[in-house]
Every structure is written in structure tokens, then in C-alpha cells.
Amino acid sequence: MNNKILTILSGSPRGGEKTWESLYKNVLEHLNSDLALCTTENYVLSKSLFERANYIWTLENYDNFELYYEKNYEGNWKEYFEYGKGYGLYESGLIHFALKDFIRNNFMEIINKYDFIIFSRYDQFYIDKHPYLQNNKILIPKGEDYFGLCDRHAAFDSNLANKYFSIVDYINNAESINEIPSFPNCESVYLKHLENNKLINNVERVDRFLFTSALKSDKTNWRIPKYKIFFIKNLMIKYPDEFIDGVKNAIKNYGLLKYAKDNFFIVFTYFYLKLRQIFRIRSRIEDNKND
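Residue numbers (my numbering): 1 to 291.
Just to be clear, a hint being listed does not mean it is correct.
Under the rule of at most 25 Å between Cα atoms (straight-line distance), these lysine-lysine pairs were calculated in the DSS-like manner [as the list claims (entries may be wrong)]:
id	residue 1	residue 2
1	K71	K100
2	K18	K163
3	K198	K233
4	K18	K47
5	K47	K142
6	K228	K252
In case anyone wonders, no lab produced these hints; they're calculated from the structure.
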């Protein structure tokens, strides 16, 4: 192992080849990073991503992920998750937190060999090059906080990894029940976890350089994508605002003509969504005038 950075993708392998090509170019090759894939046994596929991986970490695919917690924990974890039913905490967090816990309990020896860790999802499309990592910092893209802190992507010093992945210990602590957020979703609980173990002091927000993608065929436990990238077959945008922010930052960094030269369809889609956004705002203003 010569590389100093390990990129870990966790969850269901969504997003498809175009999304993963952006990972190869703007993360792995740009930062000379190794790659670890963490998912459940049913998702190990003969895709380019799995052929490229240095490590593949597979967790049993439970019909109900409560079984993972019952097997490994006592305590109040179930009570905590049930507060988040209907907010995404139970529907998505039950799985995502288990994968973080699985990584922490089984692969810290590997993680500690690296200087830095990038922890992300499979469905992150990298519009621009990943920022360089910093000692003793947790880099988190701006936006998409939803009453907490965006939990889709983080890049951090490996000496923070053990605490970072300890979110199940946090929710399984009786004291955490007394500070459940008023809007108990994944983002707000993630923020509480970082505050509880003082990692919030290491967080540094960076301009957005990625967005959440999806294929039409991708299954999801939460948000269903509505908008597509023009002229790129089956590639969808899950959250238009983060897409707009990311492309706006890239255009600011490179200039419109230079960025559009290599990313024409991304830029075309950006201006389409911006126009929709402008007309939507104007429509709301007109509606308010008529009230």
C-alpha cells in the first residue's frame, strides 16, 4: 500500500457507470486514492467499480436491519430509531448506521494504515476535482443540511475515524434519548453525534463539488429522482439544488466556456434547471400578489 488516502463507498451501489467514472477521474486518480466498497452481500456485482476496488467489505443482507442491532447490541437503539419513523432515520438510517458500525468493528486496522479517509456514497457524481484533504479536519460539502449536517460525503484525517464511525454507540446511549432532535432525520442525528464526541470542532465546510445521481432503475428507500441530465442516458438528478450549487461553483472556478467544453451536457442541464427555478420564484411572487 503506497497510497495515503482511502476512499470508502458505503450503501447500495447506485448511480451507474457515468457516476463512477466521475469518481475515478476526480477522486481516485486526482488524489491517488485506494478504494474500499462496503455493501450488503446481495450487491456484489461484476461492475467496473468492483473490479477497481482494493477492498470489498460485505455485510449480511438482513430482511430487516433491526436484526443486525439485535445480534450486536442491547440498549435503547430501537427506541431511538422509532422516533425517526417517517423522517428517513428509520427507513435509511437503520441501514447506513449499521454499515458505519460494521466498518468500525471490522476494518479499523486497514483504515489506520492510511493518512486520510474519504467516506461517501456510491451515487455521488463528482462535477469537479475533490478538494485536497487537511490534517485534523473533516471536510463536508456545503448545503443539504436538513436541520442537521449533510451526511452524504465527508473527508477526514484517519485519526478521527474511530469516533466518526461510532454513531451506533451514540444512539444506543441512554443519554441520547434525552436529546433527540425535534426533526429526527439522518442529518440532525449525524450533527448530534458529531457534537457529542466533539468532532464538530473539526468540521470545515467546503464549496459543493458533487451531486447525488440515480439511474431510472435504481431502487431507493427515500427520495425518487425527477430530473434527468440531458443527453446522458438514464442519468437522473436526485436533489436539483445541490446540482445547481455544484455546477455554479465549477463555472466560477474554471469559467463558463472552459468548463462547458468538457461538460456541455452538465452545463446545459444546469441552465435548464436555473430557468425553471427563476420561473418558479416568479410564479410564487405573482401568487402572493393575488392573495
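Each hint tested on the structure:
Under the criterion of a C-alpha separation no larger than 25 Å, the hint pairing K71 with K100 is consistent with the structure, at around 16 Å. A C-alpha spacing of about 33 Å is found between K18 and K163, which places the hinted pair above 25 Å, so the restraint is violated. Annotation: proposed proximity of K198 to K233 is violated, straight-line Cα distance about 44 Å (limit 25 Å). With a C-alpha separation of about 12 Å, the suggested pair K18 and K47 falls inside the 25 Å cut-off, and the hint holds.
The hinted pair formed by K47 and K142 fails the criterion: a straight-line CA distance of about 31 Å is larger than 25 Å. Restraint check for K228 and K252: the C-alpha separation of about 23 Å stays at or below 25 Å, so the hint holds.
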